[in-house]
Amino acid sequence: MSEPLNPPSHGKPRVRFAPSPTGFLHVGSARTFIFNWLYARRNHGTMILRLDDTDVERNTDASVNSIFEGLKWLGLSWDEEYRQSDRGTLHRQMAETIFQKGMAYRDFTPAHTGDSERSGAQGTWLFNPGMRELSQAESDLRAAAGETFALRFRVPRDAGRMVRFTDAVYGEQVKAGADIEDFALLRSDGMPTYHLASCADDADLRISHIIRGQDHLSNTYKHVLIFEAAGFAPPQFAHLPLLVAPDGTKLSKRRHGPVVSVTTYRDAGFLPEAFINFLCLLGWSPKNDRELMSRQELVDAFSLEGINRSNAVVNFKESAEASTVAAPKSDVPSAAGNPGLPSPEEMFDPKALWLNAEHIRGLSVEDLSQRLMTIVQGAGFSVTAEKMLRITPLIRERIKLLRDALTAADFFFLKELSLYDPGELVPQKGDAAMALKVLQRAKEVLANVEFKHDPLDQSLRAAAQELGVKAGQMFQPIRVAVCGRKNAPPLFETLEVLGKETTLHRIEEAIAKLASA
RNA sequence: GGCGCUAUCGUCUAGGGGUUAGGACGGAAGAUUCUCAAUCUUCAAACACGGGUUCGAUUCCCGUUAGCGCUACCA
142 MSEPLNPPSH GKPRVRFAPS PTGFLHVGSA RTFIFNWLYA RRNHGTMILR LDDTDVERNT
202 DASVNSIFEG LKWLGLSWDE EYRQSDRGTL HRQMAETIFQ KGMAYRDFTP AHTGDSERSG
262 AQGTWLFNPG MRELSQAESD LRAAAGETFA LRFRVPRDAG RMVRFTDAVY GEQVKAGADI
322 EDFALLRSDG MPTYHLASCA DDADLRISHI IRGQDHLSNT YKHVLIFEAA GFAPPQFAHL
382 PLLVAPDGTK LSKRRHGPVV SVTTYRDAGF LPEAFINFLC LLGWSPKNDR ELMSRQELVD
442 AFSLEGINRS NAVVNFKESA EASTVAAPKS DVPSAAGNPG LPSPEEMFDP KALWLNAEHI
502 RGLSVEDLSQ RLMTIVQGAG FSVTAEKMLR ITPLIRERIK LLRDALTAAD FFFLKELSLY
562 DPGELVPQKG DAAMALKVLQ RAKEVLANVE FKHDPLDQSL RAAAQELGVK AGQMFQPIRV
622 AVCGRKNAPP LFETLEVLGK ETTLHRIEEA IAKLASA
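Taking this note's numbering, I'd label the letters of the first sequence as residues 142 to 658.
For the record, the hints were derived by calculation from the structure and aren't laboratory data. Nothing here was measured: the structure is a model prediction, and the numbers come from that model. Think of the CB as a built atom: it goes at the ideal place given N, C-alpha and C, for glycine as much as any other residue. A hint or two may mislead.
[Stated by the list, open to error] In silico DSS-like links for lysine-lysine, alpha-carbon gap of 30 Å or less:
no., residue 1, residue 2
1, Lys528, Lys458
2, Lys458, Lys428
3, Lys654, Lys611
4, Lys593, Lys556
5, Lys570, Lys654
6, Lys556, Lys627
7, Lys428, Lys153
8, Lys578, Lys611
9, Lys611, Lys627
[As the list claims (entries may be wrong)] Here are the computed distance ranges between Cβ atoms for each label pair:
no., residue 1, residue 2, range
10, Ala300, Val205, 39 to 49 Å
11, Gly609, Trp495, 41 to 51 Å
12, Thr515, Ala656, 55 to 65 Å
13, Leu645, Asp562, 13 to 23 Å
Make a model of the complete structure from these sequences and hints.
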């Protein structure tokens, strides 16, 4: 045995995220990226992004863009970037090496006809007997004659021959060579398969740790075989438990809808740091009951030992179900005021929502305000940064998603309040007459008071006392008149931001509504 | 079918030969309060099943069951 071509580097780890650009970036991929990234950053290693685009049929530029877009939003960077399609020569070289060593053979069976032959007597297909044992001379002859062939790995299947590796998460893994099929290295068009390309690149890029989804655990035996056949020491492996839907199946866009796409979370108003936090808690634990963590805290706490072995459910509501319930939703003025109707946030995992709310509250008012500005302006409202800065503290404890600001603070942005039921103006244990009385008095009082918290508080409470109503009965009609709904931020702060003119105008409108009702 | 991986509250998880099996989300109740939210307190909620090993298994071993993955000239 000669020395491996890639002697173990005693330096820093090199990890990679290697998506195949055949769809949008979904949450499972994002988590794989994050775990790799955390490992790299934690150990001062190198993060590599490699597009595994050997499947020309299914690759799309849109997918590549989706991946970049998603990663950009997450704010996670990488240090090196490669595309497998640029490295075909390297892949074929490795195939040639393996072939020269006699550890691969040409399979002249026409493509796509394998199925019938595969379902043979044993019901199991491991290799094509005629091809595996073809003499070198005949093989060369047929190849020289221009016959096309796929190159297959000659899996050692002597009795008792085992393939083994140690997985950082799943422990010692052993499988009999006899149970591994002769997988393809090169397709009949000469293109490398995933297994070959992946291993060739991992070896060439000197990847030290392969951290990827558990769906590759069984493939790893093949990879170990490839590495060894080509003379390389296999890297360390760490397989991640899969993310599954509430129904237990693997996440898929077709089955589960947009909740599996990273951009859905971005567009709904998740903070990237909260989303990352959420994903990390799926299949990994810091083991100290800590849940709310910043990016840096995650980096500091991360280790492969904390990774679980069982699949984790992303507890979202099935989109089919969600959309059915959401269907009857008409153009109701403010969703927040209609608790009976489901909001889009109901589709997300409650824990993700909670974490997002926590991260939102952890932001400075300035920071949150800026992020909210983007959303609010994007929705077509015009607000000044100065006003947004005053609104932010009033809603920051009332929103779970950035987009919630649109419904939680709509009355600050709207010139004219959207329609509301005049009945809402009627206070608890009161009637329309009381509402009217309260609003008329409020109009007088507010016309002559400074719009600052304390004066507002004092004058309105005094007015309530004069009228012989409870403070709550005084505030509620005003709140509804001014916000268009019962549930809203604290009244005095709200009035302060709204200003005297708007407040008075809305109260007048409310009085008119009441009078005509 | 074959091979493999996995199994603690509804969900994410901690734990581990002897524990009141811990935390979080979500749920329920209460406190607070100008509504809502936030906050605080309390409550309900789990070791898949069957065999071993052992003085003692939720924990270790075997099996069953279930779920998932791989079984492509996809990745």
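Right, here's what the structure says about each hint:
no., hint, result
1, Lys528 / Lys458, "violated (36 Å)"
2, Lys458 / Lys428, "holds (28 Å)"
3, Lys654 / Lys611, "holds (23 Å)"
4, Lys593 / Lys556, "holds (21 Å)"
5, Lys570 / Lys654, "holds (20 Å)"
6, Lys556 / Lys627, "holds (19 Å)"
7, Lys428 / Lys153, "holds (25 Å)"
8, Lys578 / Lys611, "holds (13 Å)"
9, Lys611 / Lys627, "holds (16 Å)"
10, Ala300 / Val205: 39 to 49 Å, "holds (46 Å)"
11, Gly609 / Trp495: 41 to 51 Å, "holds (43 Å)"
12, Thr515 / Ala656: 55 to 65 Å, "violated (41 Å)"
13, Leu645 / Asp562: 13 to 23 Å, "holds (22 Å)"
Of the numbered hints stated above, those contradicted by the structure are hints 1 and 12, listed in ascending order.
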